[in-house]
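Going line by line, the protein sequences match chains A and B.
Under my numbering, the residues of the first sequence are numbered 1 to 352, in order.
Under my numbering, the residues of the second sequence are numbered 353 to 650, in order.
Some hints could be false.
According to the in silico footprint, chain A covers these stretches of chain B (three or more CB under 8 Å from chain A) [stated by the list, open to error]:
hint : stretch
1    : 464-471
2    : 495-502
3    : 505-516
4    : 537-544
5    : 587-593
6    : 599-612
7    : 624-630
Rather than coming from a laboratory, the hints here were simulated on the basis of the structure.
C-beta: ideal position from N, C-alpha, C; glycine also.
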Amino acid sequence: MTDLAKSGGGMDYRRHFARLKRLAGTVLSVATTFLGLLLVTFLIGRVVPIDPVLAAVGDRAPADIYERVREEMGLNLPLWHQFAIYLGKVLQGDFGQSVLTARPVLDDIRRVFPATLELASVATVIGVLLGVPAGVMAAVHEGKWIDHLVRFIGLIGYSVPIFWLGLVGLLVFYAQLGWVAGPGRIDFIYDGYFDPITGLMLVDTLLQGEIEIFWNALAHIALPACLLAYFSLAYIARMTRSLMLEQLQQEYIVTARVKGLPERSVIWRHALGNVSVPLVTVIALSYASLLEGSVLTETIFAWPGIGLYITNSLLNADMNAVLGGTIVIGAVFIGVNMLSDLLYTVLDPRAN
Amino acid sequence: MTTRQWLLSASPASQMQARLGRAYVGWQSFRQNRLAVIGLAIILLLVLVAALADILAPYDPLASDLTQRLRAPGDGFLLGSDGLGRDILSRIIHGSRYTLMIVALVAITAAPVGLIVGTAAGFLGGWVDTVLMRITDIFLAFPKLILALAFVSALGPGIENAILAIALTSWPPYARVARAETLTVRGADYMAAARLQGISRTRQVLGHIAPMCIPSLIVRVTLDMAGIILTAAGLGFLGLGAQPPLPEWGAMIANGRQFLLDQWWVATMPGIAIFIVSLGFNLFGDGLRDVLDPKRGQ
Numbered sequence: 001m002t003d004l005a006k007s008g009g010g011m012d013y014r015r016h017f018a019r020l021k022r023l024a025g026t027v028l029s030v031a032t033t034f035l036g037l038l039l040v041t042f043l044i045g046r047v048v049p050i051d052p053v054l055a056a057v058g059d060r061a062p063a064d065i066y067e068r069v070r071e072e073m074g075l076n077l078p079l080w081h082q083f084a085i086y087l088g089k090v091l092q093g094d095f096g097q098s099v100l101t102a103r104p105v106l107d108d109i110r111r112v113f114p115a116t117l118e119l120a121s122v123a124t125v126i127g128v129l130l131g132v133p134a135g136v137m138a139a140v141h142e143g144k145w146i147d148h149l150v151r152f153i154g155l156i157g158y159s160v161p162i163f164w165l166g167l168v169g170l171l172v173f174y175a176q177l178g179w180v181a182g183p184g185r186i187d188f189i190y191d192g193y194f195d196p197i198t199g200l201m202l203v204d205t206l207l208q209g210e211i212e213i214f215w216n217a218l219a220h221i222a223l224p225a226c227l228l229a230y231f232s233l234a235y236i237a238r239m240t241r242s243l244m245l246e247q248l249q250q251e252y253i254v255t256a257r258v259k260g261l262p263e264r265s266v267i268w269r270h271a272l273g274n275v276s277v278p279l280v281t282v283i284a285l286s287y288a289s290l291l292e293g294s295v296l297t298e299t300i301f302a303w304p305g306i307g308l309y310i311t312n313s314l315l316n317a318d319m320n321a322v323l324g325g326t327i328v329i330g331a332v333f334i335g336v337n338m339l340s341d342l343l344y345t346v347l348d349p350r351a352n
Numbered sequence: 353m354t355t356r357q358w359l360l361s362a363s364p365a366s367q368m369q370a371r372l373g374r375a376y377v378g379w380q381s382f383r384q385n386r387l388a389v390i391g392l393a394i395i396l397l398l399v400l401v402a403a404l405a406d407i408l409a410p411y412d413p414l415a416s417d418l419t420q421r422l423r424a425p426g427d428g429f430l431l432g433s434d435g436l437g438r439d440i441l442s443r444i445i446h447g448s449r450y451t452l453m454i455v456a457l458v459a460i461t462a463a464p465v466g467l468i469v470g471t472a473a474g475f476l477g478g479w480v481d482t483v484l485m486r487i488t489d490i491f492l493a494f495p496k497l498i499l500a501l502a503f504v505s506a507l508g509p510g511i512e513n514a515i516l517a518i519a520l521t522s523w524p525p526y527a528r529v530a531r532a533e534t535l536t537v538r539g540a541d542y543m544a545a546a547r548l549q550g551i552s553r554t555r556q557v558l559g560h561i562a563p564m565c566i567p568s569l570i571v572r573v574t575l576d577m578a579g580i581i582l583t584a585a586g587l588g589f590l591g592l593g594a595q596p597p598l599p600e601w602g603a604m605i606a607n608g609r610q611f612l613l614d615q616w617w618v619a620t621m622p623g624i625a626i627f628i629v630s631l632g633f634n635l636f637g638d639g640l641r642d643v644l645d646p647k648r649g650q
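Between the sequences and the hints, there should be enough to build the whole structure, so can you do that?
Okay, structure coming up:
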């Protein structure tokens, strides 16, 4: 009896140790990935054909001034030393100044990020609400018309340029039908009528009881959010379908049916319940990939988020801003990946 | 003996007969998939149009004529004319060359790099594997378009740099595929036989492992083609890819954006071209996967 208890305690200890080790492994791999990301952005910053010294002193400066500025900028140091300095700065949140806005890049990003977050969140909610049921129905009626329809929607989604679909959407739903509002987050006249609390306009206007502005913001976000949601829907539905197909072949489904459970409960509770954990990962990844989709979408809809910030900076050769934005999006990507990994271990009892 | 019997012979007399026979069987099963055949037809059409662009295009794609600007489709121009009076159809026809060039150059640069990295990692194992896969993971951690944007912004806009940037962001999945394939064949008996014959490690990798990776790599590259086309078009749309006056499809959409509300055809026509070609590659890739890689088709 005591032996059993002891060995049980040992198992417990070992299990904790294993979990700790896995956690350490995750943290280490995230850290090296992040370091790699910074190395890539550093090297990209180094290969820019514009000479930063020349840009600062002008091309008529005498050689000694050129040399002095070069030293002040730290460009005479060995490359690894420059990288170490860069690393220290980035880790403190110093991405340098934006040439375009003459403000620190991090401040700019903090200002524009909520817009992107709002857009991606609304899109993901739509994508999940439509994509999961669509995927489930496609799996249940495999080979029937609904399955073909879901496949067809997905195929179009993988083949159509997002920026083109956005332009066509503007043409049809804004210019022709007038169902939605045009580019931007809100009509000009409402600017400054409410305080940015969270930076999410839909939330801010509701918090302050500005229902009219809320509807205006909703009319503005509808089209770009539906556009992004289409791509997230296509992905979520396809993954849900294949996860569900796998579950529906399991024996416990047969058992549930034999027991006489209604088909609705077999499908939506038993089968869907068992795919919910991998589904969380799928949704998280699609959420992160909407950040990427936002670059082109925001450009089309003049949506003042991080995507538009990056493209505007690109067109003005504002490297600090471009690389800062790249780092932030890359970091969010890595973070979401890590979170969905962790969620998997927490939610799925078998992962222990 | 008919050709068909010769192809399906159970005891082929030569290596070539065996290969042709396998290709024939593959084609037979590919043909069953009607959508995949449509995809193949679209790709062949793209190649044909690109090759015969000079003959097919009714007008010079670069010659502007301001008296003919913004003509509606059908009004002397089948698909209308753009803001400089250039025929949109002719520009789309010539633009097919850029699309084909981008796809081909990315495929022949990124796929071999992925193949080499993946087989090296899988075959050598140990710390080489760890380091190479770590690097691969880092590149995979980036969203593709953002990384391509950052590269192009450093290298400067232009179609060559756009291709380079896309290639730089495309190889990691290929390395993953090649490594997985290498790991499964590394321990096979025929590899042991090859080792016992004393052939060099380079020849083991290039002659015995790499060929086994190629079918799944081809499938993966084909399925990626649509994504590559869309990324290139996106870069072109943002003004970072092909520069005006080149008739690249993404850049043409950007050019038509200012006329969107009144002259819709300028921006929409090139988009339809991009859509059809991407669809073709997606359909073809799906069919190819079912033939070459039946395991993953499920």
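Going through the hints against the structure:
1. Coverage of the stretch 464-471 of chain B by chain A is violated in this model, with 0 residues showing a Cβ closer than 8 Å to a Cβ of that chain against a need of three.
2. Coverage of the stretch 495-502 of chain B by chain A holds in this model, with 7 residues showing a Cβ closer than 8 Å to a Cβ of that chain against a need of three.
3. Beta-carbon proximity to chain A at under 8 Å applies to 4 residues in the stretch 505-516 of chain B; the threshold of 3 is reached and the given coverage holds.
4. Requiring three or more residues with a Cβ within less than 8 Å of a Cβ of chain A, the coverage given for the stretch 537-544 of chain B is violated, as only 0 such residues are present.
5. Taking a C-beta to C-beta cut-off of 8 Å, the stretch 587-593 of chain B contributes 4 residues in contact with chain A, enough for the three needed, and the coverage statement holds.
6. Look at the stretch 599-612 of chain B against chain A: 4 of its residues bring a Cβ nearer than 8 Å to a Cβ of that chain, three or more, so the hint holds.
7. Beta-carbon proximity to chain A at under 8 Å applies to 3 residues in the stretch 624-630 of chain B; the threshold of 3 is reached and the given coverage holds.
Hints 1, 4, counting from the list given before, are not met by this structure.
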